[in-house]
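Trainee: Top line first, the protein sequences correspond to chains W and Y.
Here our numbering is used: the first residue of the first sequence is 1, the next is one more, and so on.
Here our numbering is used: the first residue of the second sequence is 1, the next is one more, and so on.
Keep in mind that the hints were calculated from the coordinates and are not lab data.
Beta carbons are placed, not taken as given, at the ideal position from N, Cα and C, and that holds for glycine.
Taking beta-carbon pairs under 7 angstroms as the criterion, some of the chain Y residues facing chain W (in silico):
hint, residue
1, T211
2, A216
3, G231
Label-pair distances were calculated between CB atoms; the ranges are:
hint, chain 1, residue 1, chain 2, residue 2, range
4, W, T62, Y, K184, 46 to 56 angstroms
5, Y, C141, W, K129, 51 to 61 angstroms
6, W, Q66, Y, E33, 56 to 66 angstroms
7, Y, M117, W, A312, 35 to 45 angstroms
8, W, A312, Y, V335, 38 to 48 angstroms
9, Y, V335, W, Q423, 25 to 35 angstroms
10, Y, C141, W, E159, 47 to 57 angstroms
11, Y, A108, W, D295, 38 to 48 angstroms
12, Y, K289, W, Q66, 32 to 42 angstroms
13, Y, N119, W, S297, 32 to 42 angstroms
What follows is each chain in one-letter form.
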Amino acid sequence: MVSEQVVLKMENITKDYYGNRVLENVSFELKKGEILGLIGENGAGKSTLMNILFGMSVISETGGYQGKVIIDGKEVNFKNAFDALDAGIGMVHQEFSLIPGFTTIENIMLNRESLKYNFLVEVFGSRLKTLDRTDMKDRAEKAISALGVKIDPNMLIAEMPVGHKQFTEIARELDRKNMKILVLDEPTAVLTESEADILIQSLKRLSDLGIAIIFISHRLKEIIDVCDKILVLRDGKTVRESPAKETSIRQIAQWMVGRNIEEKKDEVKNEKKLGDTVLKVENLWVDMPGETVRDVSFEVREGEIFGIGGLAGQGKLGIPNGIMGLYEAGGRIEVFGKSLEMNVPVKALKAGMAFVAEDRRGVGLLLEEPIDWNISFTVMQAQNKYLKSFIGGLVKWRDDKKISELAKEYIKILDIKCVDEKQPVQELSGGNQQKICLAKAFAVNPKILFVSEPTRGIDIGAKKLVLDTLKQYNQKYGTTIIMTSSELEELRSICDNIAIVDEGKVAGILPATAATEDFGLLMAGKVDESKEKVSAQ
Amino acid sequence: MNRLRQFVNKAGWPRVIIGFFLLSLFVAAPFAEVSLAASIKDTLVRFGMNGVLVLSMVPMVQSGCGLNFGLPLGVIAGLLGAVTTMEMGITGIMGFITAVILSCAIAAVLGWGYGKMLNRVKGEEMVISTYVGLSSVMFMCMMWLVLPFKSPAMVWGYGGSGLRTTITLEGYWFNIIDNFLAIKIGDFTFPTGLFIFFAVMAFLVWAFFHTKTGTAMTAVGSNPDFARASGIDVNKMRTISVIISTVFGAVGILVYQQSYGFIQLYTSPLFMAFPAVAAILLGGASVHKATITNVIVGTILFQGILTMTPSVINSFLKTDLSEVIRIIVSNGMIVYALTRKTTKVKS
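So that you can see chain W by itself, here it is in the shape it has in the complex (with noise of 0.2 angstroms):
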């Protein structure tokens, strides 16, 4: 239950990094029991505001803040994450920080375990003392239960399915004896709808126990469920203030990206004309830890963009993966009625298709290059161009000039925020991260793209960016597209034709068109009864 009492109040929060303001005059007030939702698009400020909050060790060593941070009516400045433990502040991380060989109740209590004096702590010191196993599984239940969810405590963290992690990692907050404030960052990204559902059940029950809670989320439909009030920052300055009950979640994305996001429904397509089979797969496995493909056959014809969906951990990210050479694969695969040769990325690359990965950071960036050479790198070596050849091509020498033109090319025409076309792109936001991932694809010409999970992990704004920007490269071009995603509503957007993966099969292709429930039934593996309704069509 909210109550008057006002346990934490940020006060004209700003604060630079080397002259960047990413922080402005952000002030807001936070009540015993209350929930906040705190909503921005990526680099809006709300993690810099949570590192400050937290004293963080990278906001000190970078200045430091300007601003009052008020804790239970006293001003305090935290030199390192400790002293905001101290201060009854807790945080769950986007990232999950458990031990995976420890159980459940090993990770709640960690470095807080219940201990047991014996004759060794006279000689040795406190050190010696045992683990009191029995209060610890105790302390560690009635945590667990304070979120109204059963865990077993003695289950390996490893063994866990990721919802039960999430709240292993909130259970370890709650176990702290003075816990006033708890952050989560991000805490149903990971989790499944109903996953997210018990969550947000938990943190309405931490509310009534009396502890305040700011909660980070993309999903905006949770934030109006949950919180009891909204704070809604862009560019480093709060927007808007408000109770969450007189909001809408139409109003809260439009103060969060500023502009209007049109109503994409009951667009009418244009019938497109489909050109030839271009891409022919048959009998695909791919063994990609995690996304195993058994065997999968479908075609892709010309200037189509065909969707590939289905739930995560199904098998639908290997696909592109296995096509691509990047992962182990057999079966076979035409491109253009040439059969491709398998496991080799550079065939790939050089039958005309390109692929923008669904891991950014870890395969689709060279984080601490340049933009421009992320954007040049792959058509340079593949396809042998921004490059100056001497003595009768012994020596190809990178054309530096041609390269920054490229870059600076893709930069107006994808609106990359961004200093210049020299900046490492690790210091980039997530959305802008993405557009260099995509012109580095587009840079190529590819005939067949292949995009994964291009809107996971960017804000609304940039998400309808990216989306439309390949529906216009498809339509200039009749670039062949094949995107897959976890997120329907956005490969029915803009795909021709989806196939829905299960179990690392096609369960069945259906028109954009079909209704939802045709998609809902192929991903919920009931393939017989679909496989009905798409003949009868």
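Got chain W; can you put chain Y on it based on the hints?
Mentor: This is chain Y only, laid out in the frame that chain W set:
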């Protein structure tokens, strides 16, 4: 004040501190009755002697193979080239050129095998390369005795078989590069040849990293998965980088020897890797990024200190501290750099 801070940030504290230390040594030199001209000349010569060895670190660092602690392997290739040429009795500039050609051929073969081996131990390159260096030197300790060299200039006087630990280059190619176009001003000599040679070598490395292959190599070092997705054969690039590093190591030791005047066999290659590694780190390189500027700055600072401490500090303290300072600086620098390996700012 602000500009000063910017400079310090850009150059890095280690370089500023050591730079000032070196400067103070030069200032103190006249008071210790050490000739400034001779000191500067010594520093320049030592820079030229060691420059190519330090340069040989760059390709492997850039391709993600880490610092080349296996430099002794390249050194051995250089030694083999040198003694074979002497055995053939070729002297003067032709002798030096023959030695370079022979060494490069041997280094290419050794580097190829070394590269293949490093491809099997990704992530542990620096540990494995240290052992490659150690074991190859130990193996050669036996081979120097067994190999059928006959030239009386090289084998032990008694018994008539097995190579000596130190072989003089007098009469072969002693100082052949040092004296090339050397400029004499009073008691100061500028070793023009050495600098031209280093400049050519540095240019080759610089040029290589501007080619398609060099660009691919940098990408492999920066993100091997990215490179593979762009159709690059990661292992091939790494092997090429190791071959180039080993070849430069071989050429480096030949330059070193012609200036020093002796070929040192047996365990002496062991003492080549650490100073070279320390010099490039001192120059500001990290375990996965190195530039020619790092090489030049690092070699000047490191060799400068090695030259100046024995003469200046020893004359003040009346004890031999130079060896202590050398070890502190070189090992300290390596430790400093290795601990900083993981400090990447997460955005």
